[in-house]
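J.: Chain by chain, the residues run as shown.
There are 2 protein chains.
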Amino acid sequence: MNLLHLMVRVLDVEKSLKFYEIFGLKEVRRHDNEGGRFTLIFIGDGKSEFLVELTHNWDETEAYGDGKSFGHIAIGVANIMETCDRCEAEGHTILRPPRDGHMAFVKSPDGISIEVLQNGDSMEVPEKWANYENVGSW
Amino acid sequence: MNLLHLMVRVLDVEKSLKFYEIFGLKEVRRHDNEGGRFTLIFIGDGKSEFLVELTHNWDETEAYGDGKSFGHIAIGVANIMETCDRCEAEGHTILRPPRDGHMAFVKSPDGISIEVLQNGDSMEVPEKWANYENVGSW
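First to last, the protein sequences are chains A and B. When you line the first sequence up against our numbering, it's residues 4 to 141, in that order. When you line the second sequence up against our numbering, it's residues 4 to 141, in that order.
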């Protein structure tokens with residue numbers, strides 16, 4: 004597995020890019036989602052694989068505050084089904100099951116969202132996870 | 004510069020280490036601070052330089068919640084004085100000045116704390132930063 008990114012919600016993309024650029028973090032890639040009305044901008048230091056993901060929700064105008072500015076820690080794993088099975092067996096809440104064979108969200112003991120991403124190709128999805136309902140938000 | 008770590012506050016160290024271990028994150032180093040009554044535990048994936056720092060305040064019993072569970076993004080820079088000067092010049096709040104020549108905290112446009120760390124040896128501290136008062140918390 005490998006640490007992938009930290010997601011942070013931002014209200015003003017240009018202001019944020021200018022701010023993080025002070026520390027040498029530059030845009031690596033960007034994804035506009037017209038349907039969801041959001042943009043994801045990944046910024047990095049040009050050395051480490053770890054990136055910071057800036058999430059810009061186009062219609063959001065209220066300050067996120069400390070409560071929502073930090074989003075989640077993303078971690079890539081070799082077998083997302085095994086990882087989610089283990090989380091469940093150890094009593095952790097699966098916020099979003101790996102129903103697409105690729106992505107899941109799990110709640111940490113302190114309520115932080117951990118995004119679990121399958122390294123490489125998506126996996127086949129067992130019935131159990133295909134039919135599992137989302138829990139809360141992440 | 005280089006991305007260094009993400010700090011997350013945790014109430015229960017053992018529970019948290021067990022949780023993050025599910026994703027392959029293992030303890031890299033630990034620092035107990037008897038005076039401050041806290042422990043810092045850095046966990047990593049064994050590959051990337053980027054680490055997650057678990058902060059355990061010994062006397063804290065109330066849930067941190069989403070608001071405080073995420074702490075800050077730490078970034079190493081080549082010249083912390085120049086970086087802080089630039090932050091100030093561009094209108095960002097210096098929460099904690101680099102008065103030790105080594106560490107500062109700056110507020111992002113969305114209120115997140117960015118920890119700025121001098122790469123290598125500590126720098127000489129200009130009078131301006133030596134006498135600068137802290138602002139708020141970080």
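Treat the hints as calculated values from the structure; they're not laboratory data. As the structure is a computational prediction, the values presented were derived from the model and not from experiment. Take the hints with a grain of salt, since some may be wrong.
Identical copies carry no separate label here, and so any pair may be met within one copy or between two of them.
Derived DSS-like pairs: lysine-lysine, alpha-carbon spacing no greater than 30 Å straight-line [to be verified]:
| # | residue 1 | residue 2 |
| --- | --- | --- |
| 1 | 131 | 50 |
| 2 | 71 | 29 |
| 3 | 18 | 50 |
| 4 | 21 | 131 |
J.: All hints, please: hold or fail.
T.: Structure-based check of each hint:
In the homo-oligomer, the alpha carbons of residue 131 and residue 50 never lie at most 30 Å apart, since the shortest distance is 39 Å inside one protomer and 32 Å across protomers. Taking the shortest Cα distances, residue 71 and residue 29 sit within 30 Å of each other both inside one copy (23 Å) and across copies (27 Å). Taking the closest pair of Cα atoms, residue 18 and residue 50 come within 30 Å of each other only inside a single copy of the chain (23 Å); across copies the shortest separation is 32 Å, beyond that limit. In this assembly of identical chains, residue 21 and residue 131 lie within 30 Å of each other by CA distance solely across copies; the values are 24 Å between and 45 Å within a copy.
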